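Engineer: If you want the building blocks of each chain, they are given just below.
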Amino acid sequence: MPWSYLPAVCIKMSAISATEKVDGFTRKSMRKAQKQRKSQGSSQFRTQSSLVELSPLPHLKDTPSTEQQVLFVQKLQQCCVLFDFLDSVTDLKSKEVKRATLNELVDYVSTNRGVLVDSAYPDIIHMISTNLFRTLPPSENPDFDPEEDEPSLEAAWPHIQLVYEFLLRFLENPDFQPSTAKRYIDQKFVLQLLDLFDSEDPRERDFLKTILHRIYGKFLGLRAFIRKQINNIFLRFIYETEHFNGVAELLEILGSIINGFALPLKAEHKQFLMKVLIPMHTTRGLALFHAQLAYCVVQFLEKDSTLTEPVVRGLLKFWPKTCSQKEVMFLGEIEEILDIIEPTQFKKIQEPLFKQISKCVASPHFQVAERSLYFWNNEYILSLIEENIDKILPLMFGSLYRISKEHWNQTIVALVYNVLKTLMEMNGKLFDELTASYKADRQREKKKEQEREDLWEKLEALKLQDVSNSRGLQIAQNNNNNNNSLTNAEEPNTSAAITDSVNSQTFNCAK
Amino acid sequence: MAGAEGDDSLYPIAVLIDELRNEDVQLRLNSIKKLSTIALALGVERTRTELLPFLTDTIYDEDEVLLALAEQLGSFTVLVGGPEYVHCLLPPLESLATVEETVVRDKAVESLRKISQEHSPVDLEVHFEPLVKRLACGDWFTSRTSACGLFSVCYPRVSSTVKAEIRQHFRTLCSDDTPMVRRAAASKLGEFAKVLELDYVKSDIIPLFTALASDEQDSVRLLAVEACVSIATLLPQEDLEALVMPTLRQAAEDKSWRVRYMVADKFSELQKAVGPEITKNDLVPAFQNLLKDCEAEVRAAAANKVKEFCENLPEDSRETIIMTHVLPCVKELVSDTNQHVKSALASVIMGLSTILGKDNTVEHLLPLFLAQLKDECPEVRLNIISNLDCVNEVIGIRQLSQSLLPAIVELAEDAKWRVRLAIIEYMPLLAGQLGVEFFDEKLNSLCMAWLVDHVYAIREAATCNLMKLVEKFGAEWAQNTIVPKVLSMSNDPNYLHRMTTLFCINALSEVCGQEITTKHMLPVVLKMASDQVANVRFNVAKCLQKIGPVLDSSALQAEVKPVLEILATDQDMDVKYFAQEAISVLTLA
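Here the protein sequences line up with chains A and B, keeping their order.
Residue 511 is where the first sequence ends in UniProt numbering, and the numbering goes up by one at each step.
Residue 589 is where the second sequence ends in UniProt numbering, and the numbering goes up by one at each step.
Isolated chain B, as found in the complex:
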């Protein structure tokens, strides 16, 4: 086809455009994803004069195609001839920024933000800013929503008259009558405040913030809470009380739980933004209320912040505040009716011990830890166990080990496999904290029992766990405690258990080293090559491929090669395949 065209342009745009127009969406999508290739083939000039106009005109397609297009155009600057010409990317992106589908629009805005940086200040005023204005005044809510995300990127780089216009547009959108637009404006309020001069933050942003924070829709109010963090950071301390705090107090007691949830969720950021004095006077009581909120969602979000909140309290009064204000609420949460609240608390409560020191921990926190270790909900127990390291530093783990062991054993045998999986993942950590003796005595048998669990995911995790334990305790320990048990499973009547032996060897050979692998493991693997189950045999082949690099060449040639050659003539297709693969990877052919 190429030869037939005498023309110097080998790929006429028509052919490429045909591809972009193909009836099959998948093909269209593929072409769009390779748009840069097309542009490259056309060269910068034809990309500007032919390809981009085509793209701008034909924006009516599946959202997935549009998404790919919006993304591509963000990195198209070079392909249209560099920053000098970057503005010709604006028309297609402008159309994409008005599409209904949120993902497409967001991607278009992202790309516009990206290329805005490539505009010279002059181009920004001549081409980019007018686009933002057009979007901000669009009829349909989608374009106004998109405009909200573009103000902050052009504001710092334009003249003061244009700045005033931008502020005016932002004000208008904050009181738009479509809630979607108000939400978009509220979510960009903090970002916009950051690029404004301090005087305008006070004169423009604060009234907008106050208005959005008392919007009739809770979905708008909760976004104002997020903006609160940025705004409070920008203002000098003396203005916070008058300009921000009334709104924040109101948000913490909002009638909608979603808004209170947001306050709880952003509590640490808010705390840092308003500083220690306001924290002491205002945020402490607010935090107490959130911990006692009537909705479990809010309590859980607040419980998640307990540690961070306490950590960030001013040092001079930290202990008093914790002991008199926070701890009483925490104690109540330990026996909360909702398991999410308890498990949120359990994931951070251990962190309090470093803040409160040894004596307080033993006296006040330890009873709570022990209560949570006995909680009916496995997730609570797991969260406590997963954070043992914090307590270990402060009071030593022995204080807990009496209650710890029954809790671990119970989780290890839980009926839900996901719970078993989770506790396995903490085993290496626990082993490190508890030491090798305690481990051998109490936990080793559990680790071995997981190898014959009836859920594959557990057996797999157990295998990986063994490897991590060997990394901790060393090869010698492995040879004495683990390897014999693993190898004995190769005679198990159940083929799944026999395969587990192979999976363990896969995982352990490298950490155990050449000697143990050659002397103890290899003979077992080779023997299993004559297993009657094909799954075992092809796993032998895979296993040999895996442990090959650990072995020396004489073992490879003398022992591995003959076995693989036999397997390569196996009657089962898969066994053959994997044997051949092993032979070629280990270059034994």
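If we strip away everything but chain A, and leave its shape as in the complex, we get:
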């Protein structure tokens, strides 16, 4: 990285002309803005050639009802022809014919009763599959940042939108028969639908969300399968690719699915919470779906409060180390959890939780500190703290006391004063004791620190000595692949040597 050298030119004089300050860097957002947005076509392997031009069929409503069914199927078949929308000049007429036909079909299934006869299902599903199920193209921008970049939009949207609309009306038609449809809307269909959630186009994902929700609602036999596949998508997202555009939408559907879980919760659902939803907090793009994710987590806890402890411990395990923005989100989620926590559950997690909160309060990033101090504005949390003040005050006191003296941000200092005051009112006696022992406690910590360093120094010395005895760990390790028998034979001596050196050191230390 060339710019890592830049600090080397630390400028000591202020009299530097403006031209020298020009460094050729432009802000990322500016660069992005200059770039022209293009829309994307679907990645079809283009095998079809020489398209026939579509000619408009008669209108359905002008046809006698006895012939409508035949015409309906013809129209469905006509809509199976695909067009290249990246090329905006070809097939204009045919594209318009298809658009008008799709519109008519949408209208036909949404306003008419008795049009969904069993024999039409295969043609309907075929038309939908042909139009929707496609391999999504590579992202035009390899480091697409969903928070900052404009998404690439689907070029064929004028048609695809209508097909989605049609699918939705079809599912919502009062005559719709899941028992007939399940032969066509099967696991494979659902799998392909789920793949499309990776689309960069938010309009498409929005349709998919509603449609998948309908399918989940109407096809009981597919429910477990859908959950399992979402599970797989999430696991791949968390542990393999860190990339999937439709996470927020899938979580939103799950939010309502979780809401409907029967009690007691099945092991499968608990596993999903602990092994998928909680680790999902570690992903890079958390900001994009945190609200939906936190909603799912809280839904689980509302269903079964005994999950509180593992969930909170899980969040503490994955607590962000360097990303303050994420830390603020975690604090938000913790507050949502505390809002609904049962007092008995609170007691189980108060210690590790308030150790973390104490660290957050002392964060040099003022938003993190501020977000955690806001907990004291929450009446219910306040009552929980008061109930357990003997446990919580000792955990919080050190950080608060120190911050009240040295935080750079005045707002934080003011907030800390208020919090200290509140805590003092809850248990004045303990507060005074802690104030009195503050210095001694710090010194005890320092001493402990010193002892640890001494211990490791001695261990290191031991290791060095061992190495200088030329039977060191490293040498032995180098040997262990080639020379197993040799190392083996020497082993007892090595340990003897260690004991010796330890003893001699003891002696020295004692003196």
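Hint data in this document are derived by calculation from the structure and do not stem from the laboratory.
It should be emphasised that the depicted structure is a prediction, and the values quoted were computed from it without experimental measurement.
Some clues are possibly wrong.
To be clear about the criterion: a stretch of chain B counts as covered by chain A if any three or more of its residues have a C-beta under 8 Å from a C-beta of chain A, and this derived list gives those stretches [said to hold, decoys possible]:
(1) 36 to 42
(2) 93 to 104
(3) 175 to 185
Here are the computed lysine-lysine pairs in the PhoX-like style, where the Cα-Cα straight-line distance is at most 25 Å [claimed, not checked]:
(4) Lys255(B) <-> Lys188(A)
(5) Lys458(A) <-> Lys255(B)
(6) Lys561(B) <-> Lys542(B)
(7) Lys359(A) <-> Lys446(A)
(8) Lys561(B) <-> Lys321(A)
(9) Lys374(B) <-> Lys331(B)
(10) Lys255(B) <-> Lys95(A)
(11) Lys446(A) <-> Lys33(B)
(12) Lys317(A) <-> Lys34(B)
The beta-carbon is built from N, C-alpha and C at its ideal position, and this holds for glycine as well.
Given chain A, put chain B in place with the hints provided.
Structural biologist: For chain B alone, kept in the frame of chain A given last:
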């Protein structure tokens, strides 16, 4: 603390375990990273009986700690008492191999693979293989994923009944209903095939390969392409057509661009694996299709392989195939709409000239080179320029120099500093190809202009470039052409330019030698010691420290020492610091 313990064990395990349990993750991590030290202190026996059980029991920690642990355990054999006892490392590694976090799991598998080699054949069957089986039958996908990576290390060293079991487990995992496990199995398919007996490759691996290559998930199918290379290498030529080619053809036309991309990316390996006949009949048309693919990603991957593909064609038909099948596609790619495709092509296209010889190069390739040299995208031009040496050998660079110069000048003045940086890096190469006269006449002024670029990284690269040029053209050339210009910048009103003089001297003194350094450079440096900008002054100190070794001792004592002594009393803290450092390094005190 040590003295207080009368016990002969100075470091009771409790103390060490306390360290491993410390509340602060960073401290825990530090302790784990020094686990070998702890084990050494405990001795082999207590490591086996106390430390390892503790580690096995307490595997619930931050992934970072677990990663360090998984890594450490891979080289712990000596610390538990050698190969005889190596199996006691298995329990903690087994737990680590079931963790969700991929990096931890992969590291655990890596360590398990490593220590598997330290097991005796008997231990392998008694301890290691059962572990692999347990993992392969685990409930949660993580353990099954890990198992996939362990089959190939134990297969060659176990009895035939156990071998049959291992094959069976692998088969099961290839059709696991979790895609993660199928992906892991697919990615290890090639490796596993290599350790199998040929008959089993045909009877077991081929059906698995065919099934994975038509998996419903493209992420699984594309891994099968990778396995295809290893499998094709293992099979005798006469079986390839029937056992591998149908699958490969299907992959080259897969509906997912990711799979086609993989085929393009592995094309050279595939070509070598299937041999010349199949290449001629099957791969040539497949390659043409990939070069014309509708996705730019695929075209770019294929374009990257153009040279290697052509090189590896059978000699008897190489030229015909290139001229009639490959070159027409290449010509189209030169004016592709996607810049990545063009720049991928530009990075290899020059290599075709050695394959096609002088006449074809002049007639067919030169127009393409010239077109790419004028491409709107700087990366394309850069890639052409960076590979000039291939063409130079075949037709001489003069053919190109007319178009080359404008292209270089334009890149040298590009608004993006990274582009300027890239062209600077090719300057020494270009100078070598074009010769000193051409360089002095056309390029020297560019090199000097970069020294006053407004981006530091460019000035720095320009400095380094000068050094490389002097290495090429010699000290005398430096004295006549470069040194005067560099030294004249020491009077520039801009302090950054004055500092550039110092940086240049740092870089040049050694290649220019003692005489030039003492006679021409040193006086300038010494004069700059009284610069009004502190940054310049402390760089004078650093510069003197750097060029000191080139100077003789009289110059050091008489000229350098007094100046450094003055600087060492400078009012600026940093100047003082660097002056003192120079004095002590040059031992002038």
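Engineer: Taking the hints in turn, state whether each one holds.
Structural biologist: To see whether the hints hold, each was checked on the structure:
| no. | hint | verdict |
| --- | --- | --- |
| 1 | 36 to 42 | holds (count 5) |
| 2 | 93 to 104 | holds (count 3) |
| 3 | 175 to 185 | holds (count 4) |
| 4 | Lys255(B) <-> Lys188(A) | holds (16 Å) |
| 5 | Lys458(A) <-> Lys255(B) | violated (63 Å) |
| 6 | Lys561(B) <-> Lys542(B) | holds (13 Å) |
| 7 | Lys359(A) <-> Lys446(A) | holds (18 Å) |
| 8 | Lys561(B) <-> Lys321(A) | violated (50 Å) |
| 9 | Lys374(B) <-> Lys331(B) | holds (15 Å) |
| 10 | Lys255(B) <-> Lys95(A) | holds (24 Å) |
| 11 | Lys446(A) <-> Lys33(B) | holds (23 Å) |
| 12 | Lys317(A) <-> Lys34(B) | holds (22 Å) |
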